[in-house]
Amino acid sequence: MEPATTDSHADAHEEHHEESFWRKYVFSQDHKMIGIQYGLTALVFMLLGFCLMLLMRWQLAYPGKPIPAIGGLFGADNAPGGIMLPEFYNQLGAMHGTIMVFMAVVPLLVGAFGNYVVPLQIGAPDMAFPKLNMASYWCFLPGGLLMASSFFLPGGAARSGWTSYPPLSVLEDGQTVWLFGMILLITSSLLGAVNFLVTIIQMRAPGLTWMRLPFFVWAQLVTSFLLLLAFPPLEAAGVLQLFDRLVDTSFFMPDGLVISGEMEDFRSGGGSPLLWQHLFWFLAHPEVYVLVLPAMGMVGEIIANNTRKPIWGYKSLVYSVVFLGFMSFIVWAHHMFMTGMGTVISAFFQTTTMIISIPSVIILTCLLLSLWGGSIRFNTPMLFALAFLPMFAIGGLTGLPLGLTASDIPLHDTYYVIGHFHYVVAPGTIFAIFAGIYYWYPKVTGRKMSELLGKLHFWPSLLFINGIFFPMLIQGMAGLSRRLYDGGLTYEFAKDVMVWNKMMTWSAFGLAVVQIFFIVNFFMSLKTGEKVGGNPWRATTLEWTDAPSPPIGHGNFPKIPTVFRPAYEYSAPGSDEDFTAQSQPQEA
Amino acid sequence: MSVVIPYNVDPNPETGLYNAKLGVWLFLASEVMLFGALFSTYILLRTAAPAWPTGSDILNVPVAFVNTLVLIASSVTMVMSWASLKLNDFAKYKLYMGITCLCALAFLGIKAYEYGTKFSHGDFPANSTFLGIYFVLTGLHMLHVIGGLIVNGYLWGPGSKMFQTEPDRFANRIEVAGLYWHFVDLVWIFLFPVLYLLPGAGVVAGGGH
Amino acid sequence: MSGHSPEEIRASVKVYMLVFGALAVGTVVTVLASYLDIPIGLAITLALLIAAVKASLVALFFMHLKGEVRTIMWTLMITALFFVVLIAVPLSGYADSLSIQWSSWGLGH
Amino acid sequence: MKDFLNLPPDWSAHGAPIDNLIALIHWVMLILFVGWGAYYILVLIKFRAGASPKADYHGAKGTISKYVEVAVVVFEVAILVAFAFPLWNERVAELPDENESERIRVVAEQFAWNFHYPGADGEWGRTAPELVDTAANPLGLDRDDPASADDIHTLNNLYLPVDKPIILYLTSKDVIHSLNLPYLRVKQDTIPGQTIPVHFVAKQTGESEVACAQLCGLTHYRMKGFLHIQSQQDYQSWHDERTQAAAAAAAAAGM
Ligand code: HEA
Ligand code: HEA
Ligand code: CUA
Ligand SMILES: [Cu+2]
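Residue numbers (my numbering), protein chains in the order written: chain A, 1 to 588; chain B, 1 to 209; chain C, 1 to 109; chain D, 1 to 255.
Pulled out of the complex, with its shape left as it was, chain A reads as follows (with noise of 0.2 Å):
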């Protein structure tokens, strides 16, 4: 496509023969091409997992209403008459989470995001292991399509929510295209993690020393050691499920079940429904972690390009992130507070938790401070990056009382746990992630996105975000289960908070209409996007100083960079620039 000069016409010409598009598009092992093909499909997932949402919403707001205009596409086993069966819904919200978890924000904050920014922000001029990381993306591929594919598979998808626990999820259709489908995934996520630690640990430019670090490279560092360390236990736990499954041993079966009046004899008994819980939580709480340090450190990098100075309290950022992810490997079992757990072990649990709420603070404190004494850009990137710091406090607020045992008994198992997670992860980590797209947009295209479509993107986007989930506490508060298929009408105890429901529901469909100018914006700026120059936010980091925009194909750098600078080098005193880049020597 770039214009080649004649002398090296005939290279290029070659090049051509050899990477032919199978090579190039499909089974690529340039990390920006990989970075795109994780980012596309997870978006597409995301999509997927957005349409189950609003079908789900849909439902809880008119229970038993058949759905309107497409209601007749789900076949008689998921909603005759176009009404939502109970199992159906069960489904759904398995799906929607396991979707929005596992297949959308992880591959896009890692995979995607991770892939295409950190080997250009190290100044490397690739992954590591190349083939490696195509064999990741290979892997995520497959599962994340037999995942989605079991909706139409006979038995229908996973119903036994995204936490499967068993004895139920032992006992129920879908569970093992589920359980497959997440073998695949964690393999992905782990060859993925040793990929990035190895890049990051060993493949910085020179001059690039650990405290010059980006902090997004720093938050994928430690995102990519909870993937390491957390994922096996799950895998292993998958595999006992599965031989639960398949051949009838009894890992999470105890002694004497009665399923529907039979004695399960066929069984040995004797197995811990409880284990599954400790393995799962290992890797889930971990990996909520990893679902919200890339996004922290993909707004520290757009506030400090925005606010055009350096970040505040670079290092306690450092050390918080670093802190963070250690500890988060020892509070999984605030997650099974009610399962009878006595007084040793909850006090650890609950001190452990109140205790990772602290570099959560300090992390928040260092951004927020960071707003002090700028000259604040307010684009569309920067309007995404700063909604991420009171949705996300809002989340993490809310996250405390959960956090200890006394209070988590009313709430436990209540849209207000919803409301604290979706906080985290929605308004919180997608709005990070939009911020993301239309930062790196330019990198990766050398188009900038329309700012006009983005601020349409972002108002009603904040304003429909809380009308979905600011209910979804006070919902909880009252006492609202979670996992309802009637979304509580059986029950009297809730009722003056369900007429919330509605509300709710059309706030979520409002959010739907107003991605339109998002993926609107996402494919028109390819073509009409204004074109832009390789350093469009006037940054400090390689990515943008070093490379050209988009960047040459595979190496990326026409030469490896060396750094003499912080990261954030902006409106540094005794530059004319309002930013200095980290390749930049000092002078003498």
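Everything labelled a hint here was simulated from the structure, so no lab data went into it. Being a predicted model, the structure only gives us computed values, none of them experimental. Keep in mind that the hints are not guaranteed to be accurate.
[As the list claims (entries may be wrong)] No more than 16 Å apart at the CA atoms, straight line, and that leaves these computed lysine to aspartate or glutamate pairs for EDC-like: (1) D:Lys-54 to A:Asp-576; (2) D:Lys-224 to A:Glu-492; (3) A:Lys-495 to D:Glu-90; (4) D:Lys-54 to A:Glu-577; (5) D:Lys-54 to A:Asp-578; (6) D:Lys-224 to A:Asp-578.
[Stated by the list, open to error] Listing some non-contacts, in silico: residues in chain D with all C-beta distances to chain C over 12 Å: (7) Leu-32; (8) Trp-36; (9) Glu-69; (10) Leu-87.
All C-beta atoms in this analysis are idealised placements derived from N, C-alpha and C, irrespective of residue type, glycine included.
With chain A fixed as given, assemble chains B, C and D with the ligands onto it according to the hints.
Chains B, C and D with the ligands only, in chain A's frame:
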């Protein structure tokens, strides 16, 4: 076009490691957690059970004893094959690596025999949590042996051509494959006593079903 | 690490042989020890102890962990820590719940 | 101070401290959020590019943030030690005297609640999984055990006396459920293979609901029971009546 990845062959002066070596150690760390979860399962199931069988009452200790020696031997020949390469003795390398692969095959053969007798006696994973965890642990370990055998077989056969062109890189590959192989051995060193030798407790009810 | 001189390699070959011997002996000893008529706690400790020694030999000498670089040592130490946590917590959770009976049936006195 | 939370009515003796804890945390959350929020809005206005064309390389000085962080730490330590630990200890470690309490087995199943009262003898009859019959004997009660003669079984209706310590022994026949008594601030998973005690005192009579709080399958959403908290006299007469009826039925079956 190919990109030159730094520290693919020579160690990074800062860390003292080449990429693949760090990579395989990280991978092994994740493997530790994988088997750790299964050991955790073993311990919890055993603690919670009113009775637990003595391994040797159910499993064949002499056969597993031989298998342990086979695997240990393969570990030694693996490290010897690496040492031979470092001494530039390609013939010896071929010999030792060949023995390593044969040992792996022998291990798998013996294991298959063990499984076969178990199944023909009607001892299936569903019969007890002991047999369940036995089959999961040894089965997963067996998959690791098979994986190692494939890699080592490749490095013994077609892969060894690299020694002519890039001897250092090839020696690295052997070192990395060796790290993995020793880990597989190391896991077995725990599996053997834990599954086959540890004394049980209480009276195990019934003859299986 | 990979820059071993031939002399060093030859010296370590001797070590490998010694380790091989030790591992073989260790295997025999574990099996023999399992026939000892000792209390169960002691028997388990002994078997795991021998396994730990054997495993350390493999790790230290075959895997060259002896004198390995800091990055790897740290990684392994953190992994070991989480390994212990992963085993200890489910177990102590089990021990901590004193008022719980481990059966669904037959609460009758 | 806690009305703004709109928690469900509290009919239990132990609920007030829990509600107060929730209220306390929410007040602190609110203060933090409003404080930081005010700062946030102020900063966005004050340092917008239009008003502040040149950024200050050094940025914020001063140590207020340190104090806030330390204050958060102190608050969390205090709340753990002063409230969280003792409250939970009281919940799980201080079971009331069995002889002075009303003791009831709760056996959850897909999708119903079985309540098993020991009857006049204060002892449950033996139960066993192989005896379970969905319609005739959902508890799997051994009719040959003399202790079972006067046992009361109710389906989806939990009768409790007011002002008396109550111990529920929770278990499940099949999957994990969770006993949720919102008005009594009780929530506890029922786990097959385990029997977990929960204790409380109801301090007010009334009718309310028993909910299942853990996804347990298709009709999880309808796994509802009814809670009847009665005066001690009413409860006693209900109990006597049911005991006699049970004993009579057992005698009739024995003939
Ligand atoms: C990204 C995801 C994410 C993050 C970051 C968190 C963060 C936290 N979570 Fe959350 N959590 C989930 C995702 C997440 N969680 C999910 C998915 C579930 C449910 C799973 C399921 O059951 O399906 C869950 C459930 C969950 C539970 C179990 C509840 C139950 O089932 O009963 C608990 C209990 O302790 C908990 C606690 C916490 C705590 C203490 C934090 C802390 O780390 C939070 C610390 C942060 C703060 C304290 C904010 C600090 C900021 C400020 C003070 C600044 C204010 C600034 C402004 C106003 C601008 N979470
Ligand atoms: C990362 C995780 C994540 C994310 C992002 C979301 C996002 C959302 N979730 Fe979900 N949710 C979960 C994880 C997540 N959720 C989990 C784990 C559960 C528990 C499941 C269980 O019970 O087991 C759950 C459960 C859950 C429930 C409760 C169901 C129940 O208990 O019965 C509800 C109810 O309203 C809900 C709603 C929403 C809404 C309105 C959003 C919205 O905020 C969505 C916002 C998203 C966007 C704004 C994205 C828009 C982008 C696109 C559409 C892409 C564009 C595409 C291209 C360019 C191609 N979620
Ligand atoms: Cu029973 Cu939900
Ligand atoms: Cu958590």
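To see whether the hints hold, each was checked on the structure:
1. D:Lys-54 to A:Asp-576: Given that 16 Å is the threshold and the Cα spacing comes to 11 Å, the pair holds.
2. D:Lys-224 to A:Glu-492: Between Lys-224 (chain D) and Glu-492 (chain A) the Cα gap is close to 10 Å, so the pair holds against 16 Å.
3. A:Lys-495 to D:Glu-90: Outside the cut-off at roughly 31 Å; violated.
4. D:Lys-54 to A:Glu-577: Holds: Lys-54 (chain D) and Glu-577 (chain A) sit about 11 Å apart, inside 16 Å.
5. D:Lys-54 to A:Asp-578: holds (8 Å)
6. D:Lys-224 to A:Asp-578: violated (64 Å)
7. Leu-32: holds (31 Å)
8. Trp-36: Its Cβ never comes within 12 Å of chain C, the nearest being 33 Å, so this holds.
9. Glu-69: holds (26 Å)
10. Leu-87: holds (17 Å)
Hints 3, 6, counting from the list given before, are not met by this structure.
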